[in-house]
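Taking the hints into account, I'd like the entire structure generated from these sequences.
Protein chains: 4
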Amino acid sequence: MNDSFKDLGLGNSSFEYGQRLINKNGSFNVKKKGRPWLRPYDAYNALISMSWIRFLCLVSASYFVVNLIFAFIYVAVGIDQLSVSEGAFMGNLYEAFFFSSQTITTVGYGRVNPVSFWAGVVSSVESLLGLMGFALITGLIYGRFSRPHARILYSENAIIAPYRDINAFMFRIANKRSSELIEVQVKVVYTYFDHQQKKRVYENLKLERNKVDFLAMSWTIVHPLDEDSPLFKVTKETFEQQNGEFLVLIKGFDDSFSQEVYARSSYKNDEIVWGRKFKMAYGSHKKGMVALWMNLIHDSEEVPLN
Amino acid sequence: MNDSFKDLGLGNSSFEYGQRLINKNGSFNVKKKGRPWLRPYDAYNALISMSWIRFLCLVSASYFVVNLIFAFIYVAVGIDQLSVSEGAFMGNLYEAFFFSSQTITTVGYGRVNPVSFWAGVVSSVESLLGLMGFALITGLIYGRFSRPHARILYSENAIIAPYRDINAFMFRIANKRSSELIEVQVKVVYTYFDHQQKKRVYENLKLERNKVDFLAMSWTIVHPLDEDSPLFKVTKETFEQQNGEFLVLIKGFDDSFSQEVYARSSYKNDEIVWGRKFKMAYGSHKKGMVALWMNLIHDSEEVPLN
Amino acid sequence: MNDSFKDLGLGNSSFEYGQRLINKNGSFNVKKKGRPWLRPYDAYNALISMSWIRFLCLVSASYFVVNLIFAFIYVAVGIDQLSVSEGAFMGNLYEAFFFSSQTITTVGYGRVNPVSFWAGVVSSVESLLGLMGFALITGLIYGRFSRPHARILYSENAIIAPYRDINAFMFRIANKRSSELIEVQVKVVYTYFDHQQKKRVYENLKLERNKVDFLAMSWTIVHPLDEDSPLFKVTKETFEQQNGEFLVLIKGFDDSFSQEVYARSSYKNDEIVWGRKFKMAYGSHKKGMVALWMNLIHDSEEVPLN
Amino acid sequence: MNDSFKDLGLGNSSFEYGQRLINKNGSFNVKKKGRPWLRPYDAYNALISMSWIRFLCLVSASYFVVNLIFAFIYVAVGIDQLSVSEGAFMGNLYEAFFFSSQTITTVGYGRVNPVSFWAGVVSSVESLLGLMGFALITGLIYGRFSRPHARILYSENAIIAPYRDINAFMFRIANKRSSELIEVQVKVVYTYFDHQQKKRVYENLKLERNKVDFLAMSWTIVHPLDEDSPLFKVTKETFEQQNGEFLVLIKGFDDSFSQEVYARSSYKNDEIVWGRKFKMAYGSHKKGMVALWMNLIHDSEEVPLN
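Protein chains in written order, with my numbering: chain A, 1 to 306; chain B, 1 to 306; chain C, 1 to 306; chain D, 1 to 306.
What the hints contain is simulated information worked out from the structure, not anything from laboratory work. Please note that the accuracy of each hint is not assured.
Because identical chains share one entry, a pair is satisfied inside a single copy or across any pair of copies.
The list that follows gives simulated cross-link-like pairs (lysine-lysine, BS3-like), each with its CA atoms no further than 30 Å apart [as the list claims (entries may be wrong)]: (1) Lys287 x Lys24; (2) Lys198 x Lys286; (3) Lys279 x Lys199; (4) Lys199 x Lys251; (5) Lys277 x Lys211; (6) Lys268 x Lys24; (7) Lys268 x Lys286; (8) Lys24 x Lys198; (9) Lys277 x Lys198; (10) Lys287 x Lys268.
Everything numeric in this text was worked out from a predicted model, so none of it was measured.
Written out as structure tokens, the structure reads:
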């Protein structure tokens with residue numbers, strides 16, 4: 001009964017995936033299917049996590065389309081209900097379109113004006129819709145900008161390095177942001193597909209330490225390959241045969257967001273190099289400060305294994 | 001003294017309810033009475049949890065009423081204090097109403113203008129009120145939209161299925177959202193009304209596992225009907241006689257809201273089917289991904305019980 | 001060394017206060033002195049916790065004063081830099097004042113217009129200031145409105161009631177809001193001034209239960225006066241002589257705010273009645289629901305003590 | 001293996017820093033180098049934590065530059081596309097600049113108006129950009145203002161004072177804000193550079209108490225110099241030779257922000273005075289309240305050591 005506690009909720013499915021379970025960016029290789037096409041409860045998640053380019057295109061397109069719709073309404077209601085105080089008349093739809101954009105953004109220059117009842121009603125409704133629509137858009141812009149999530153820099157490769165009188169699995173992380181990460185916890189799980197038993201195996205790896213008070217420096221996470229390790233006496237060959245994956249789960253408190261943040265990543269066996277150790281990534285800085293070289297996080301050098 | 005810890009705070013009341021304790025949507029079947037009609041401290045909760053349709057109707061109605069009130073004030077102050085630079089005059093109240101809506105939304109076209117002291121004062125106050133009122137409304141719109149709450153898909157029925165060499169109570173859940181749920185905990189409580197003792201009994205059910213690291217896949221929650229279970233050796237008949245209810249309490253961290261979320265639901269005895277097991281809801285997807293079929297979460301097939 | 005853990009951080013000061021430690025509304029009877037008059041770091045706390053009336057007065061007064069200042073600036077720059085397209089001229093300061101209010105709220109009707117360089121500069125700056133100022137004000141309005149804090153209804157009196165074969169100290173709470181409170185914890189501390197030792201004593205009281213999963217109903221918090229209680233064998237007379245205070249600390253998760261909330265209150269010895277028990281505050285409601293009568297939370301009836 | 005758990009994540013680097021590890025304001029003396037110059041993921045942190053003066057200058061400069069850019073665009077599109085209804089014409093760029101500022105803030109007086117197609121398009125785009133840009137700016141203003149972080153007042157010096165029949169290391173803290181800090185935890189770590197072993201040593205100090213329920217009063221944090229202390233039998237001379245630093249880590253729940261807050265500080269050996277004890281910082285206030293004198297937190301008086 002105990003072994004069922006080890007699958008993290010990812011299942012011991014009876015088929016092997018070709019891909020990694022957790023992508024480098026922390027997303028899962030699971031595709032939800034059979035859901036309704038329209039999912040209002042997913043709108044927030046979609047709008048907050050899409051790229052900025054897509055988001056801005058979506059906003060611009062919506063702005064254009066909504067203005068166009070209202071332009072048609074103004075024309076339908078009667079363009080003569082919009083008085084134009086001066087300047088050349090640009091053509092019905094143009095005037096209506098620009099009047100609509102001035103109404104929805106509440107700029108309201110006033111060269112074009114609603115002068116009859118129905119134009120008054122439509123513009124009054126449009127300005128209300130504009131305020132409410134821009135409440136969503138501007139809220140999302142700030143929400144996206146201030147969204148709390150960790151930005152962890154992982155060393156490109158994990159390494160198998162000598163450690164005391166044995167070897168150890170190691171990788172290195174640092175905080176990409178300038179903000180402080182506090183009470184950082186890490187969990188590493190080794191998973192592979194067992195072809196005999198035809199099921200996926202998950203092994204929680206014991207770490208030299210799994211918590212730091214601050215992630216102000218770089219942190220080398222170490223799993224010693226001792227007798228307790230599921231990888232005890234593993235060789236490069238047997239390891240590559242297993243085609244395993246190291247899942248990395250990180251949790252901490254971000255000082256600038258004042259919130260708990262989570263991060264995930266993984267190392268596949270082709271991202272693990274044997275017989276190397278990490279080079280030191282920090283050194284002395286001017287005025288007695290410590291310099292942490294973020295670009296050196298990935299650097300390692302050859303070393304004979306135990 | 002220990003047994004008093006089991007009632008979840010819902011009480012061991014000495015009468016039987018006709019209804020379930022927790023509704024499918026997670027609300028309680030408790031009606032608070034004898035409260036003042038006007039409860040400012042409940043306004044936020046009411047406005048954030050009412051349906052979008054009701055909310056938008058409420059906003060529109062308020063917008064109309066407030067504009068009407070200000071229209072009357074402008075007429076009372078003297079409609080001649082509003083100069084109309086061009087176009088046909090629409091009648092006092094109409095002009096005042098549209099001027100009010102242009103002021104409160106800060107559109108301010110300027111065809112109608114305050115030209116005397118009191119109209120200036122009123123419009124100056126109205127634009128301040130407008131900004132403050134729309135602060136509430138637009139804040140609520142974004143607050144409603146970004147409100148963190150879990151959207152759990154529960155299997156329509158719970159089942160009694162064979163499990164190892166005994167039977168077990170099971171139901172299945174999945175995350176409806178595209179966002180990730182992390183560190184998900186579940187608690188299942190069985191409650192029924194004991195007619196001998198004339199009080200409600202609550203039994204915390206031991207689960208095969210009560211925590212997963214991720215709810216990326218579906219999760220079948222299993223309570224084995226072993227000797228430790230309050231439902232040990234229960235039959236379909238004795239079970240239906242008890243008219244019990246399984247309360248389901250879920251807690252997790254939502255990755256897109258960056259917050260703890262809670263969900264509740266329940267299964268009444270008529271939602272429990274005997275002698276079935278859940279069909280597999282996931283399979284292989286293109287490019288080595290796993291496909292989770294949300295519409296198959298509910299599917300089960302007949303199976304003989306132990 | 002252990003006893004120092006009991007003072008909650010309120011100190012064992014060597015003089016007796018005339019007043020209670022914690023007021024009914026949860027604030028402390030501590031006055032911070034010797035602080036600088038201007039404390040920018042306290043501005044948020046002050047603005048978020050003052051009454052709505054004071055807040056709205058403050059906003060209105062600021063709006064008036066800022067407009068007045070800008071009106072003087074426009075007059076100083078030269079009122080002829082503001083063209084008035086139509087209507088009677090209201091006098092320099094009036095026009096400047098209303099123009100300022102139309103600029104700061106971004107209404108901008110446009111009857112009065114900046115037509116020269118310096119008026120353009122000032123109005124351009126003012127509209128920027130307006131946007132930034134109203135960012136604070138509207139943010140605060142929504143922040144105040146949506147501020148997460150518990151609204152607990154405490155029974156007016158605590159009681160000493162028979163409990164099993166001894167007596168117990170009891171009081172009753174309910175959630176005033178319509179939202180759900182989840183995982184509610186309570187801590188009760190008895191404190192009095194020991195005249196012999198000349199110091200304040202704090203005693204953590206053992207409760208029949210200190211946690212409920214939901215506060216959907218009323219909850220009677222019970223401290224049995226058994227051998228372990230610091231109030232064992234206390235009589236009404238000795239109790240009143242001690243002039244003690246029961247501090248009540250409550251913590252829970254509010255479902256509509258999606259946040260942890262805290263509440264505090266206290267009972268002084270003149271708010272404790274001996275030989276009463278609480279009347280039932282809930283009953284059967286239509287359609288099998290439970291009715292919780294909030295106005296009956298305080299009700300108790302006489303009963304002989306053990 | 002155990003000793004590696006003691007470094008807080010700050011490393012046992014093999015060189016000695018000239019400076020303290022944690023500055024008085026809680027920042028670390030670590031400089032991240034080798035990062036890309038443009039780090040969009042750091043923008044929020046930078047904008048939320050820079051000083052108000054810098055922030056306001058940045059906003060003003062951006063406002064000026066963006067308006068200038070749009071002014072040039074309007075001139076390029078053709079200044080004759082902006083009709084000027086009245087008043088003296090101020091020169092192309094001036095008019096275009098002020099028109100731009102009236103568009104981007106959505107004031108829109110309307111004296112200057114777009115009358116042709118391209119001016120209409122540009123102003124329509126500009127007002128959309130304005131709304132989105134000010135969403136960021138106003139969000140940041142309120143975010144900065146309401147940002148949850150602790151404001152702890154630390155006594156200027158830590159002291160070595162007599163404590164029971166030994167001595168103790170002590171310092172005193174209070175909450176600078178008027179809000180309440182709840183469930184406050186403190187951790188003190190002593191660190192120095194060991195010249196023999198050429199590595200930094202971290203020692204977690206055992207405190208008389210490390211948690212209070214409230215920080216409503218001042219709190220004297222006490223580490224007794226008993227046999228268990230790494231500083232047992234230390235003298236002023238040996239202590240100064242070690243050139244150590246006391247790191248102070250504080251955590252609590254702020255009642256007005258409704259959030260967890262963190263604070264950090266440190267005491268270097270030149271900020272520690274021997275043979276003094278803190279003077280009482282509170283006293284009786286009118287109406288039985290307690291007065292806490294914030295300006296007396298630092299005050300101590302001479303006392304012979306044990």
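Going down the list of hints, with the structure as the test:
In the homo-oligomer, the alpha carbons of Lys287 and Lys24 lie at most 30 Å apart only across protomers (16 Å), although the nearest pairing inside one protomer, at 37 Å, exceeds that limit. Proximity of Lys198 and Lys286 under a CA criterion of 30 Å is satisfied inter-copy only: 20 Å between copies versus 58 Å inside one chain copy. In the homo-oligomer, the alpha carbons of Lys279 and Lys199 lie at most 30 Å apart only across protomers (18 Å), although the nearest pairing inside one protomer, at 38 Å, exceeds that limit. In the homo-oligomer, the alpha carbons of Lys199 and Lys251 lie at most 30 Å apart both inside one protomer (28 Å) and across protomers (28 Å), since each shortest distance falls under that limit.
Only within a single protomer do Lys277 and Lys211 lie at most 30 Å apart by alpha-carbon distance; the minimum there is 22 Å, versus 36 Å between protomers. Only within a single protomer do Lys268 and Lys24 lie at most 30 Å apart by alpha-carbon distance; the minimum there is 10 Å, versus 42 Å between protomers. Taking the shortest alpha-carbon separations for Lys268 and Lys286, only the inter-copy value of 20 Å comes in at or below 30 Å, while the best intra-copy value is 39 Å. Only within a single protomer do Lys24 and Lys198 lie at most 30 Å apart by alpha-carbon distance; the minimum there is 26 Å, versus 38 Å between protomers.
Within a single copy, Lys277 and Lys198 get their C-alpha atoms only as close as 35 Å, which misses the 30 Å cut-off; across copies the closest is 21 Å, which meets it. Taking the shortest alpha-carbon separations for Lys287 and Lys268, only the inter-copy value of 16 Å comes in at or below 30 Å, while the best intra-copy value is 41 Å.
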